[in-house]
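*Asks:* Next come the chains, spelled out residue by residue.
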Amino acid sequence: MTLLGARMLSKDFGGLHAVRNVDIDVPEGQIRALIGPNGAGKTTLIGLICGRLAPTSGTVRFADQDISHLPAHRRIRLGIAYTFQITSIFDRLTLHENVALAVRRLGGDPATEVPAALDRVGLLQHQRRLAGDLSYGHQRLLEIAMGLAQKPRLLILDEPTQGLSDSEIDAFKALIRDLKSETTILLIEHNMSVVMETADIITVLNFGEVLAEGTPSAIRANPDVQAAYLGTG
Amino acid sequence: MTETQKSLALHFGLLALLFALQFILPAYHHGNLSRIMVLATYAIGYNLLFGYTGLLSLGHAMFFAAGMYGMGLMIRHLGFTPAPALLIGVLAGLALSAAVGALALRTTGVAFMIVTLMFAQAGYLIILYFGEWTRGDEGFVIQQVQRSLWGIDLSDPTARYFAAWMLFSACLALSLWLIRHPFGRTLIAIRENESRAQMLGYDVFRHKLGAVVLSGTISAAAGAAYALLFGYAGASFATVQYSILPLLWVLLGGAGTLIGPFLGTLFTFYLIDIASAFTTAYMLVVGIVLVALTLFARQGIGGEIRARLWNWLP
Numbered sequence: 195m196t197l198l199g200a201r202m203l204s205k206d207f208g209g210l211h212a213v214r215n216v217d218i219d220v221p222e223g224q225i226r227a228l229i230g231p232n233g234a235g236k237t238t239l240i241g242l243i244c245g246r247l248a249p250t251s252g253t254v255r256f257a258d259q260d261i262s263h264l265p266a267h268r269r270i271r272l273g274i275a276y277t278f279q280i281t282s283i284f285d286r287l288t289l290h291e292n293v294a295l296a297v298r299r300l301g302g303d304p305a306t307e308v309p310a311a312l313d314r315v316g317l318l319q320h321q322r323r324l325a326g327d328l329s330y331g332h333q334r335l336l337e338i339a340m341g342l343a344q345k346p347r348l349l350i351l352d353e354p355t356q357g358l359s360d361s362e363i364d365a366f367k368a369l370i371r372d373l374k375s376e377t378t379i380l381l382i383e384h385n386m387s388v389v390m391e392t393a394d395i396i397t398v399l400n401f402g403e404v405l406a407e408g409t410p411s412a413i414r415a416n417p418d419v420q421a422a423y424l425g426t427g
Numbered sequence: 686m687t688e689t690q691k692s693l694a695l696h697f698g699l700l701a702l703l704f705a706l707q708f709i710l711p712a713y714h715h716g717n718l719s720r721i722m723v724l725a726t727y728a729i730g731y732n733l734l735f736g737y738t739g740l741l742s743l744g745h746a747m748f749f750a751a752g753m754y755g756m757g758l759m760i761r762h763l764g765f766t767p768a769p770a771l772l773i774g775v776l777a778g779l780a781l782s783a784a785v786g787a788l789a790l791r792t793t794g795v796a797f798m799i800v801t802l803m804f805a806q807a808g809y810l811i812i813l814y815f816g817e818w819t820r821g822d823e824g825f826v827i828q829q830v831q832r833s834l835w836g837i838d839l840s841d842p843t844a845r846y847f848a849a850w851m852l853f854s855a856c857l858a859l860s861l862w863l864i865r866h867p868f869g870r871t872l873i874a875i876r877e878n879e880s881r882a883q884m885l886g887y888d889v890f891r892h893k894l895g896a897v898v899l900s901g902t903i904s905a906a907a908g909a910a911y912a913l914l915f916g917y918a919g920a921s922f923a924t925v926q927y928s929i930l931p932l933l934w935v936l937l938g939g940a941g942t943l944i945g946p947f948l949g950t951l952f953t954f955y956l957i958d959i960a961s962a963f964t965t966a967y968m969l970v971v972g973i974v975l976v977a978l979t980l981f982a983r984q985g986i987g988g989e990i991r992a993r994l995w996n997w998l999p
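Quick note, the sequences are listed as chains G and F, same order. Position one of the first sequence corresponds to residue 195 (our numbering), numbered consecutively onward. Position one of the second sequence corresponds to residue 686 (our numbering), numbered consecutively onward.
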């Protein structure tokens, strides 16, 4: 079943066509990666899907419902969780309170669910610290924990491994594979090893348009993608 | 002791201390403290919006005045007794803050400050325009016979102190409860990072509107109580000065701390009181102290206590 479907989605900023006539369908349970050069329109596309930006034209459907005209917070309430490309957490609140804010919105019990979410990203021992005191990589992980705590049907991760160490990236890959049974994931990522090892299907954007879509091996072999993004080396 | 117990002990300890002080304070300070408790209630209302939600309003005098005139006009022109008049004063603040909030919250930041300032100016001019009923700048006195609540004469210093203490206690307890409640937690989250709060699925506009209404209603309750307890309503309470004062009290006392509004109001009141005994330029002294606090204790008294001594201070 298709969980997320966008049709002819476009966004112009003045004369710039940041996203142009994009169709995308993500079935339930899939891990979908969105790749492309800088400025290809990946973050803009995600912004249109979760309602942070209003599209110039086109529609977005989520779980058999047209969500094109819903404000962002209502889309989140339908079961979309979003992690920001530039880390966005509550710096002056504790890790526990950061995740508790996600848990409480769903009416959950912070006392049990917060430690569980923090444990999955390996931050449980820091839960009483202020989020702003964490290293950048740990703040990225905290964002993911806030995403997980929302028990989303669709988890959108915008460059989650940026700033993580190699060992943290390995742990992240394992976490993503582990989540496959629970949720659908839309992943923007520049780290090719993460993309190739975790994604079921990859969508390549270039100049705001879909350049190619397919399995990791098909994308790797695609000459257009090699020319535009992956390089031939 | 857990942090919750410490916080409850501190705030209820303060209330107990204030209750006990009425038996030992000399008449002059007794009267001052009644006034400070009512004004601190106003500051508590202001702090909910400024300190906990992060919205800086420059128009809170309109809510204070809405309570004051909503109550006072009922007594003066319609012969109401204090209890229903107080209720009308509070409801006037609630209705006004809901209407102003719904409009002003379409803006953010500096524009929000200016829009609230303009609404308050409009409120002040309305009071002057209807001078036939409000007596404008001159204001009107609420007579002693009109200030008897359930047989208690509120012009009596002891009754007045107790009434002010009740109001202050109720609003302090309410805000203590609120910031532990999910609604208050969400307000803090909006203050800290609005877009993140929105992307966790919170309706930011409705939460902010709720904060404006709560803040405006508490401010109106303080305004209504002030007129009733001290027997006077006047347009000077609707001027921009009365919008700036709660900001000053909260900044000095510590924005975003529960005890800050009281500390700031107490401090400013006695600063002016003591300085004016020495010089007519007492506002100069207040200005210098404000500059010094901004330079050396940017988080206000309560904020510095939290940063240096008690990190559990809510």
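What the hints contain is simulated information worked out from the structure, not anything from laboratory work. Where is the CB? At the ideal position from N, CA and C, for every residue including glycine. Certain hints may be false.
[Claimed, not checked] Some chain F residues near chain G, calculated using beta-carbon distances under 10 Å:
(1) Arg870
(2) Ser880
(3) Met884
(4) Phe890
[What the hints assert, rightly or not] In silico lysine to any residue, SDA-like type, Cα no more than 20 Å apart, as pairs:
(5) G/Lys367 <-> G/Gly357
(6) G/Lys345 <-> G/Leu324
(7) G/Lys345 <-> F/Asp888
(8) F/Lys691 <-> G/Lys367
(9) F/Lys691 <-> G/Lys345
*Asks:* Taking the hints in turn, state whether each one holds.
*Replies:* Hint by hint, here is what the structure shows:
no.	hint	verdict
1	Arg870	holds, 7 Å
2	Ser880	holds, 6 Å
3	Met884	holds, 5 Å
4	Phe890	holds, 9 Å
5	G/Lys367 <-> G/Gly357	holds, 15 Å
6	G/Lys345 <-> G/Leu324	violated, 24 Å
7	G/Lys345 <-> F/Asp888	holds, 19 Å
8	F/Lys691 <-> G/Lys367	violated, 44 Å
9	F/Lys691 <-> G/Lys345	violated, 35 Å
When each numbered hint is compared with the structure, violations occur for hints 6, 8 and 9.
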